[in-house]
Every structure is written in structure tokens, then in C-alpha cells.
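K.L.:
As a plain string of letters, each chain reads:
2 protein chains.
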Amino acid sequence: MALADSTRVPGPDAPIGVFDSGLGGLTVLRALHERLPTEDLLYFGDTARVPYGTKGEKTVRAFARQDAGLLVARGVKMVVVACNTASAFALAHLSDVLPVPVLGVIEPGVRAALAATRGGTIGVIGTSGTIRSGRYQQGLEAAGLPAERIRAAECPLFVPLVEEGLGGHALATLAVAEYLRPLRDAGLDTLILGCTHYPLLAADIGAYLGPQVRLVDSAESLASAACVALADAGLLRSGPRAGRLGFILSDIPWKFAEIGARFLGKPIDDVESVGLDEMEEAGHALGSGRTADARIRKDPS
Amino acid sequence: MALADSTRVPGPDAPIGVFDSGLGGLTVLRALHERLPTEDLLYFGDTARVPYGTKGEKTVRAFARQDAGLLVARGVKMVVVACNTASAFALAHLSDVLPVPVLGVIEPGVRAALAATRGGTIGVIGTSGTIRSGRYQQGLEAAGLPAERIRAAECPLFVPLVEEGLGGHALATLAVAEYLRPLRDAGLDTLILGCTHYPLLAADIGAYLGPQVRLVDSAESLASAACVALADAGLLRSGPRAGRLGFILSDIPWKFAEIGARFLGKPIDDVESVGLDEMEEAGHALGSGRTADARIRKDPS
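Order-wise, the sequence lines are chains S and V.
So for the first sequence, my numbering puts the first residue at 896; every next one is plus one.
So for the second sequence, my numbering puts the first residue at 896; every next one is plus one.
A hint or two may mislead.
[What the hints assert, rightly or not] Calculated lysine to aspartate or glutamate pairs in the DMTMM-like style (CA-CA distance at most 20 angstroms, straight line):
| # | chain 1 | residue 1 | chain 2 | residue 2 |
| --- | --- | --- | --- | --- |
| 1 | V | Lys-1150 | V | Asp-1165 |
| 2 | V | Lys-953 | S | Glu-1175 |
| 3 | S | Lys-953 | V | Glu-1167 |
| 4 | S | Lys-1150 | S | Asp-1165 |
| 5 | S | Lys-1150 | S | Glu-1059 |
| 6 | S | Lys-953 | V | Asp-1172 |
Calculated directly from the structure, the hints in this document are not laboratory data.
Chain S extracted, bound-state conformation (with noise of 0.2 angstroms):
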């Protein structure tokens, strides 16, 4: 990989790492990449086992430790969990077990929401393992918000749609109408897109919901978060040369091509795809904790 770090311990020259279940993380990576302009960027995409959303919360602790995992063995000097239900239920332990700063989306995505909100209710849409972890709606508790002004859907089939792209079709209006009548008639005055792929289906959403009604994804506030943290650990990347995007899958999806470039807004030129062993490698290398051996990480290859 032309963005591997060869020293063991990641400086401001490493690129950061980002992953997500998917494709959905691209929309991460895009708002990255217009805030930290000079900053190299490797993406991983857990395209073999998507989607995590309907899925356990252990069986998504345990791939979000390999995909986290691999990233740190390529020496990144972060990694951005770009996907909210790996967010929800494996932040904590990636925190404990990753020796670089580990960032989610569900916090920047809350902070984003009460900075939107005109006083009125914030609505929260996602996958089901996201939205029954109720971490946003904890989160908005936690910063005051009384509960009777926050309300959540499930909207399963948004991500199928959107790997689909279909967007703009009447099957997607459709499931619009269908997930988010309740949350309308609770007259929202912010909704927050707590899936990252659903501002693929900003579109859909507004014209439903109406423009009153404020549309709320973490990607730039997650941005900001990331450069705040690279700046306190001094480990931005100065210098002129524009950064580098680099592309793992695990999988490389029939319809690859298409749904990528829809998600990142350009082609994607280049990417390197994993096998299972790889991953299998990735999760047993981090260690149960933040002892010496969660730093020992293999030469980038």
C-alpha cells in the first residue's frame, strides 16, 4: 500500500484509517477529505459481511475489531468508525484495545443535532442495531434534551435501497412515507441521519418531511472532531502535498463500481481487496486491552 507506514509507533505523516460496514462509510471519507485536504486517507470496507445493521451487537464487536484491526496493521495514526451500528456497539471496546485515538459518529451526530435544533422535537433514523442500542437517543438525554422531545425510527430497508440506487425512485418514496410517518406527524424540527447511507436519500427525506425540518448527517462534524484530535495528539500532517485516498474491501460487490462512485461524488480508481484469513489475523493481533501487546502491529505490506 502506497499509504502504509513503515515506523511502528504512526506519526503525523500516517494516513488516518476509516471503516465501515460497506460502501455507506464513503460518505465519511468525502467530508474527511474536504476538511483534512492534506491529510492521507485508507478506507476499509467490510463489503464481504455488510450490512451489520440487522445484526447482533456481539457479532458487530467482533468485525469492527478485525476491520479496526487491519487498518491499525497498515499503521494508520487514527481510525474513524464511519459506520453508525459499529459506533454504537463497539466504540468502547476499540478504545480500549486500539493503541492509536479511535472517533465515532454517534457523538459528533448528536452534538451536530442540538446545534441544529430551534427548540422543537430531534428525530434519530438508522439501522435497527443502531437505533434499538439507543445510544443517540442517550446521548441527547445526556445533553438535556427531555425525551419527550426525542423520537427514533428503524428504517430498515434504507440501506438495500441505497446499495440499489435507487434514490429518487418510487420504491424509495414509498419507504419513506412508510418509516418516517410517525416521526412527522411528532412535527420534527431536526432529523438526524444516523446511517451512513442515508444521505443518499437526503433528497427522498426532505421532499417528505418538508423544509422546515432540518437534515442532520455527522460527517462534517465528525470531520472537525477528528481534526481537534489530530491537532491536541500533534499529529496533523503540514506540509503542501494533497492527501492520498487509498481503497481495502473485503469484498468486491457486483456493483462495485457504480455504487461507489455514487457514495464517494468521484470514480474509484484503485482498490486492494483482503481475504478472510487477512481478517481473521487483524481481529487476533489487537490484543484484549491496551498492553503492549495491542501495539505490536505487523509490517504494512
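Since the structure of chain S is provided, determine the placement of chain V on it from the hints.
P.N.:
Frame of chain S; chain V shown alone:
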């Protein structure tokens, strides 16, 4: 596991193993249980990595190898691949590496369609992987059906619609019309439901295509083929005891109880879950061909 066989070479009293990417294969399990009521059946659903139908050939083959390996490690006397995508991409590989007979769903589906047609056009619908593999189309052509009498269509949203329990819903009606319009316009007389999820949309599909189109699924034809194969191998279980059903899953999905009961036609009481580690081990234990190594299986636990 109550169903495990502790002998090294499984005899007639060993269970039949059945696997699928998730819960769709329970429609096949049901047909096997009806056709072979004294056989014990051990089902494995790879719910942690479902779906397979959007993923590439290499990935599906690696998963199928672990799935089958897990069943072999539990002492099954035969493996039924109750997943069309895995049958399309992995049946030849599994036949090569498994120490027990293996059956897939595609050949029985082709036979059932040829028995059902009255000389018109045969359609086949399935996941992107199954349709792009061309296996059904090749099977029909090999049986002498001219290419102009074969139509195929990918229906990628059908699996998530079924998983969400939306058979009969307006979203299913719309998706059926969207995917099947070209087939209906081609004047089908027979349609192969080339995915084990699709029988749960049979009412929607039948309403759209009309009563002149016969809907064919592989399950009954496969159950007959399994009966013949077991008899040929001297492995049919005799005796009056009713066959027992065992269930192993790699993840317990959020909506498992509801969805599993819908597929099986009755509640699923007792489920064992396996982790990533056991899946990895099962894949590695198979070896690379019909060698002595391929026959080593660990003691059932």
C-alpha cells in the same frame, strides 16, 4: 448438540446437514422434513454474513466452505446447500473437498421447471450472484431448451423485503412489478424462484404474473433428490422415531424469532450460536481436496 454423530464415518443415523446464507434455507429444511420425516436435520444459517447474493464468487466460496465444514465437523452424513448463490458458486468446490455427498438447489430447480413448462418460455429470478453466474440458464440450455425460451432477472430487493416481513405490503407489490415487468412481457409459462427467500413472496409474484404462470421452487425437487441420493448410498435412516431439527446460527439477528418462524412455518425453540473462531476453524479443517485430511473432523461438542 443432540444431533451430533460421534462416529468418524457418519452412518444412516447421522443427521443431514443443511446450510444457507441466513434464514431463507429454512423453506428447504421444511420440505426436507416433510419428504423425509424420520431424518434428523441440522441447519446452519450464516446470519452473521448474510446476504451472499450481492457478493463476489470468491467470497461466497470461502463462506460456503466454512459453512459446510462446520456441518461436517458436527458429523452430518450429507450436506444440502440450501442457498442458490452458494450452489451457483461453490457446489463444485464443495463436492471436491467434502467427505460426504453434497447436493445443491439449482439442478433440482431446473428439473422442476422442465417438468412444469408446457412448451413456453421459462423465467428465472434470483440474486445478482445467482443470475450473473448463469448456472440456471446453462442448466436449462443443457437440457435442450433454446436460449430464446429463457429469461432471467436479478431481484436484489426481494431478500431484504422478505427479511423485513413485507410480503403482501405495497412495497413488495411495487418491487415485484419493477423487476418482473420484462419477464411478464416475454409471455412466461413457468418461473423458477431461484432464491430460497422467494417462496415467501409467491403470493405477490403470482398476483402480478397471473395464474397461467407456474411458480417453481427447488425445495420439493431437492427433497426427492436427497431421498434418492441417501438410498443409493445406503444412508436412509429407518425406524419409527420422528426426525429432530437442530439449528445453528452465526448471529442471532434482531428479528430472528419472528422471521425464523415465518420461514419454517413454526416457532424455532432452541438455537445454538457459533462465533467467528469456530467458523474459521471449520474452513481450515476441510483441507484442499478429497484427501485423508478432508476426512478429519473434530469430535462433536
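K.L.:
Among the hints numbered above, which are violated by the structure, and what are their numbers in rising order?
P.N.:
Going through the list in order, the structure violates no hint and respects every one.
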